[in-house]
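Using full-length UniProt numbering, you'd call the opening residue of the sequence shown number 1 and step up by one each time.
If you're looking for bench data, these hints aren't it; they were derived computationally from the structure.
Possibly wrong hints are sitting among the right ones.
[Stated by the list, open to error] Distance windows between CB atoms, simulated:
(1) Asp82 / Lys266: 16 to 24 Å
(2) Ser316 / Asn262: 44 to 52 Å
(3) Asp270 / Lys311: 23 to 31 Å
(4) Pro132 / Lys259: 37 to 45 Å
(5) Lys41 / Asp270: 31 to 39 Å
(6) Glu244 / His155: 50 to 58 Å
[As the list claims (entries may be wrong)] Cross-link-like lysine to aspartate or glutamate pairs, in silico, DMTMM-like; alpha carbons within 20 Å at most:
(7) Lys6 / Glu26
(8) Lys279 / Glu244
(9) Lys118 / Glu244
(10) Lys273 / Asp293
(11) Lys286 / Glu245
(12) Lys86 / Glu26
(13) Lys210 / Glu245
(14) Lys191 / Glu305
(15) Lys279 / Glu247
(16) Lys86 / Asp42
(17) Lys104 / Asp236
Even glycine gets a Cβ: it sits at the ideal position worked out from N, Cα and C.
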Amino acid sequence: MSQNNKVILVTGGAGLVGKAIQTIVEQEGREDEKWIFVCSKDADLCDFNATKQLFQKHKPTHVIHLAAMVGGLFHNMSHNLDFLRKNLHMNDNVLQISYETGVKKVVSCLSTCIFPDKTAYPIDETMIHNGPPHPSNFGYSYAKRMIDIMNQAYHEQHGCTFTSVIPCNVFGPHDNYNPESSHVIPGLIKKLFDIINLGGDTFTVMGTGKPLRQFIYSLDLAKLFIWVLREYNEIDPIVLSVDEESEVSIKQVAEDLAKAYNFQGKIVFDTTKADGQFKKTASNQKLRKYLPDFQFTPFSQAIQESVDWYKANHTSARN
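Let the hints inform the model, and build the full structure from the sequences given.
Shown next, in the form of structure tokens:
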């Protein structure tokens, strides 16, 4: 490799977004970039020395930082301290060692759940720190918010190009399907798969089905992540989300999943269970200024592809 070539280290490389980036990178087949995907087996990023050894081994010029302790609504509600401490340690180690080893650019991954609970909609990049996040996941949210603060501080004090992206809810192949810690779409994909396999005729969804969410297909997000790494030079974060009019209800998610599985039974909503935030509509106006013509995969098609992947890979998926 020549000196001008990029060596890009992707933390959390075995996860949903990491696998999607790997898929797109392999499709592109560029020779001026060497991509290295690492996961928790390669290093404990909560450990400073282990993180430093990882960087010394691979000598990255660029980093996409995806690694995080993540989980769904109910897992967050019962483990806020764990989410806060582990993510703070991880993020601090990755950014400090990136600075110490001369990494040219770091793109970290935030989440729309970091936004204030009480806010005006749509939310955008300027509103992250305007008030407390939803109490259900305050640990994760505050840890992620601190990445934005650190990016600004590293830039101000050392001139580092450390930035971040804020995706809306992500789903797709290689998701986490564990019922205890999964997000809504993979959780429901597994649940309905199990119901069908057991010959059941009732698909029960927690909550009222009324909350609204923007969902981005992991392969679309991967393309946008790669664009940010190569082209986006602001320190301020950028929302990577589908358009506002692409927001769907949990009820529609359940119906599209039933269609993808060709499930003919009943869909029932258990209204005794918590809904979480009713909506967290994000504006992608900033993204659209840069990429006005970007085409997102239609939601029903992305759901069908995600279901097909799980059906083909359920024995090896993260269940």
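Consistency of the hints with the structure:
no.: 1; hint: Asp82 / Lys266: 16 to 24 Å; in the structure: violated, 37 Å
no.: 2; hint: Ser316 / Asn262: 44 to 52 Å; in the structure: violated, 23 Å
no.: 3; hint: Asp270 / Lys311: 23 to 31 Å; in the structure: holds, 25 Å
no.: 4; hint: Pro132 / Lys259: 37 to 45 Å; in the structure: holds, 38 Å
no.: 5; hint: Lys41 / Asp270: 31 to 39 Å; in the structure: holds, 37 Å
no.: 6; hint: Glu244 / His155: 50 to 58 Å; in the structure: violated, 30 Å
no.: 7; hint: Lys6 / Glu26; in the structure: holds, 15 Å
no.: 8; hint: Lys279 / Glu244; in the structure: holds, 11 Å
no.: 9; hint: Lys118 / Glu244; in the structure: holds, 19 Å
no.: 10; hint: Lys273 / Asp293; in the structure: violated, 40 Å
no.: 11; hint: Lys286 / Glu245; in the structure: holds, 16 Å
no.: 12; hint: Lys86 / Glu26; in the structure: violated, 31 Å
no.: 13; hint: Lys210 / Glu245; in the structure: holds, 16 Å
no.: 14; hint: Lys191 / Glu305; in the structure: holds, 17 Å
no.: 15; hint: Lys279 / Glu247; in the structure: holds, 9 Å
no.: 16; hint: Lys86 / Asp42; in the structure: holds, 17 Å
no.: 17; hint: Lys104 / Asp236; in the structure: holds, 16 Å
Hints 1, 2, 6, 10 and 12, counting from the list given before, are not met by this structure.
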